[in-house]
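Kindly generate the complete structure, drawing on both the sequences and the hints.
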Amino acid sequence: MRRKESPRADAATAVSVSIPRFRKTKEQTYWQAVLAKLLRDKLTLAAIFGLVVMVILSVAAGWISEQVLGFDPTTTNLTKRNAPPTWAAVAWPIFQEFTQTCQAGGVTTCRWSLWKAIVSTSLTGLRDCLAAPRGTCHWMGTDQAGRDVLSRALYGGRISMRIGLYVASISMTLGVVLGLISGYYAATVIDDIINAIIQTLGSIPLLFLLIILSRIFQPGPEGLSFLIGIFGWMGVSRLIRGQIFSIREREYILASHAIGASIWRILFRHILPNVSSIVIVVGVFNVAGAIIAEAGLSYLGVGIGPPLPSWGNMMQGSLGNFTDAPWLVLAPGLFIFLTTLSIYLIGDGLRDALDPWVR
Amino acid sequence: MRQGLTRYIIRRGLQSLFLVWIATLIGFTIYQLAPGGPLQFLDDDPKRTAADFERLSALYGLNRPILIQYLAWLTGEDWFAMLPGGAVWQSGQCRANPERCGRGILRLDFGRSFYFKGSNVIDLIAERIPATFLLGFSSLVISVVVGIPSGIYAALNRGKLPDHIIRVTTVLVNTVPEWWIGLLLLIILGGYLRLVPLGGMETIGDGSLPDRLHHLALPAVVSAISGWISISRIMRFEMLEVLNQDYVRTARAKGLPEHLVIWRHVLRNAILPFVTGLSGIFLLFLSGSILFELVFSWPGMGRLAVIAINSRDYPVMMGLFVISSFLGIMGVLMVDILYSLVDPRVKYEL
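Chains as they are written, first to last, in my numbering: chain L, 32 to 390; chain C, 1365 to 1714.
Where hints are given, some of them may not hold.
[To be verified] Calculated from the model, a selection of chain L residues having no Cβ within reach of chain C, i.e. all distances over 10 Å:
#, residue
1, 91
2, 163
3, 231
4, 246
5, 274
6, 294
7, 379
[As the list claims (entries may be wrong)] If you want a taste of the chain C side facing chain L, the calculated C-beta under 10 Å gives, among others:
#, residue
8, 1451
9, 1453
10, 1525
11, 1529
12, 1552
13, 1558
14, 1651
15, 1659
16, 1685
17, 1689
18, 1696
Calculated from the structure, these hints are not laboratory results.
Ideal placement from N, C-alpha and C gives every residue a C-beta, glycine not left out.
Shown next, in the form of structure tokens:
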């Protein structure tokens, strides 16, 4: 009936024996050891650096777009709609000519010699742009209403990252609490109810439900995060539940029962710390997933509404003319890519660092 | 021999029916949840009066108790007349003209669309199901055909270059929305090089097979990416699990050539759990179809969903939700049954 203790669980008991020795020699707590391991990991450090840069860029979006770029993200300029990046103003028509030569007869007829002109004019353009006074150079072009794409992308980071954080905290809280409860009360009615909810949510097309709900309620960033969050906790809950199976039969849980500790105390003081590393890692991955989900919803036109820029709804503007203005697709996508890549790598590094078994 | 199996299938079937019922409840609730109710669109009309509101409420039967409305939506209202005093519960349009009585979603009557004036919702959906299935099925085939060998290959070359390449690809694909990859490829291959068409399912006036395949190629490959990644991850994991089993060691110890060890002992056991992964992937295709169909202008249910959502076409939204939930639940059920058939070790407990 009860699961036999897995070899992993045996191994975990073994480590509790070896930890005191570890401490004596190094005078390190678990978290210090984790930190030390993280600091040795070059890739994770680079990812942390990348994420910090992205966060600073979006936190300072107001200052940067005003003082450095010289554009307001909401000011429209109808004479400059869908303009290519200023530094590529000369190169863009040449590139279009190049693509036309390609279209003439498949890839074979491409005039590759045109690239020389494209590269050289872009380089001159970049140099001019660096020297140009503030407010004259659109680094990433303009959108369908003539707004500066780069400053919008910086502001969009605020929304997208905020949503990522909110969603992760909502879905992690729900997932951890429900996972702890269903794991602790495994094979009882409470567990069955939670499992039924998970199964229901797991077998209906959630993206569709999410789209309908966000269309009906037209939520702001907080509401949207709530909607994405309440449909994103199932995986976490299952993971935690599985972990608790192996933990709840340990002697120290039995001991706390014996001295009359309340269930909440046992759950949150004795069991939760044992699954904290999983919670942290999954939470980090959740942030990245939420950023991507928001982009999808906003691209469909049901996420964050127009005056506020977000990485998803910036791309929505490209729907009709993405071949004429590919920067509308490229720029926000690049921001998403850099942010989520950093987050993923941090999550990966954390997973290794938090696991006492990986050297 | 396996009497447990029939019971298991019956129980899973009943459970799935229950889930479908829950889905209809959710679908119906959504409609009621809309701020301002189903007549929300009246707010767009500056000349509306309270009388308009009441007239339409009576016409569509929105003034009835919620339970009756649900019953009418689910089972139809034509049979209400047969009950003593039941005619009171019929909507205004039904009483005025028996032709316009709803027949209920159980009889596949999802009402009429607001946006496509007068069209039956079920016809709109039925028209678009083949396109969605074609795209979903092709991407499933592609992801299985690519995913299984790449997972096996990664597992057999664990820690070497191919394994790393597959792992890096996994991370890169996970860090951007798949539809964004599709959009980029569409711009480059479709817009600039004209190697693939910019969208749609066929050139108008040309429905030949090569033309259809030409239109299908890019959407199918792009929407297969996520499935391919998860299948190859499952395969890699399962292969590594099985490779560590005692019977594999025994097979090697008795001098069996390595390729026979892999074919006879490892693959057979590793491929089974992959079937469970299929149900998740099935749902992925059903849900993901909305974004891919938007990107590739694919004339399927996803495109219809986008139109319905942007025009607040509630009957179409509800119909799409219920039907796609039904398809999803049935897909998961089929995979579960398939799994219990192929794996003799499966336990018939839930």
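Hints, verified against the model:
Look at residue 91 (chain L): its CB is around 24 Å from the nearest CB on chain C, clear of 10 Å, so calling it non-interface holds up. At the 10 Å boundary, the C-beta of residue 163 (chain L) stays outside the reach of chain C, the nearest C-beta of that chain being 28 Å off. Listed as a non-interface residue, residue 231 (chain L) fails to keep its Cβ farther than 10 Å from every Cβ of chain C; the least gap is roughly 5 Å. For residue 246 (chain L), the non-interface assignment is contradicted: its Cβ lies about 5 Å from the closest Cβ of chain C, within the 10 Å cut-off.
Under the 10 Å C-beta cut-off, the non-interface status given to residue 274 (chain L) relative to chain C holds; the minimum distance is some 18 Å. For residue 294 (chain L), the shortest C-beta to C-beta distance to chain C comes to about 26 Å, beyond the 10 Å cut-off, and the non-interface label holds. A Cβ of chain C approaches the Cβ of residue 379 (chain L) within 10 Å, the least distance being about 8 Å, so the stated non-interface status is violated. Hint status for residue 1451 (chain C) relative to chain L: violated, with the closest Cβ pair at about 32 Å, above 10 Å.
Proximity of residue 1453 (chain C) to chain L is violated relative to the hint, the smallest CB-CB distance being about 27 Å (cut-off 10 Å). For the restraint placing residue 1525 (chain C) at the interface with chain L, the shortest Cβ-Cβ distance is roughly 18 Å, beyond the 10 Å limit, so the hint is violated. Taking 10 Å as the C-beta cut-off, the interface hint given for residue 1529 (chain C) is violated, the closest approach to chain L being about 16 Å. Against a cut-off of 10 Å between C-beta atoms, the interface hint on residue 1552 (chain C) holds, since the closest Cβ of chain L lies about 9 Å away.
At its closest, the beta carbon of residue 1558 (chain C) sits 4 Å from a beta carbon of chain L; the interface hint therefore holds under the 10 Å criterion. The criterion of a C-beta within 10 Å of any C-beta in chain L is met by residue 1651 (chain C), whose closest approach is roughly 4 Å, and the hint holds. The interface hint given for residue 1659 (chain C) is met, as the beta carbon of that residue sits about 9 Å from the closest beta carbon of chain L, less than 10 Å. The closest approach between the C-beta of residue 1685 (chain C) and any C-beta of chain L is roughly 6 Å, which is under the 10 Å cut-off, so the hint is satisfied.
Satisfaction of the interface hint for residue 1689 (chain C) is found here, the shortest Cβ-Cβ separation to chain L being roughly 4 Å, below the 10 Å cut-off. For residue 1696 (chain C), the interface hint holds, the least distance from its beta-carbon to any beta-carbon of chain L being 5 Å, beneath 10 Å.
Checked against the numbered hints above, the structure breaks hints 3, 4, 7, 8, 9, 10 and 11 and satisfies the rest.
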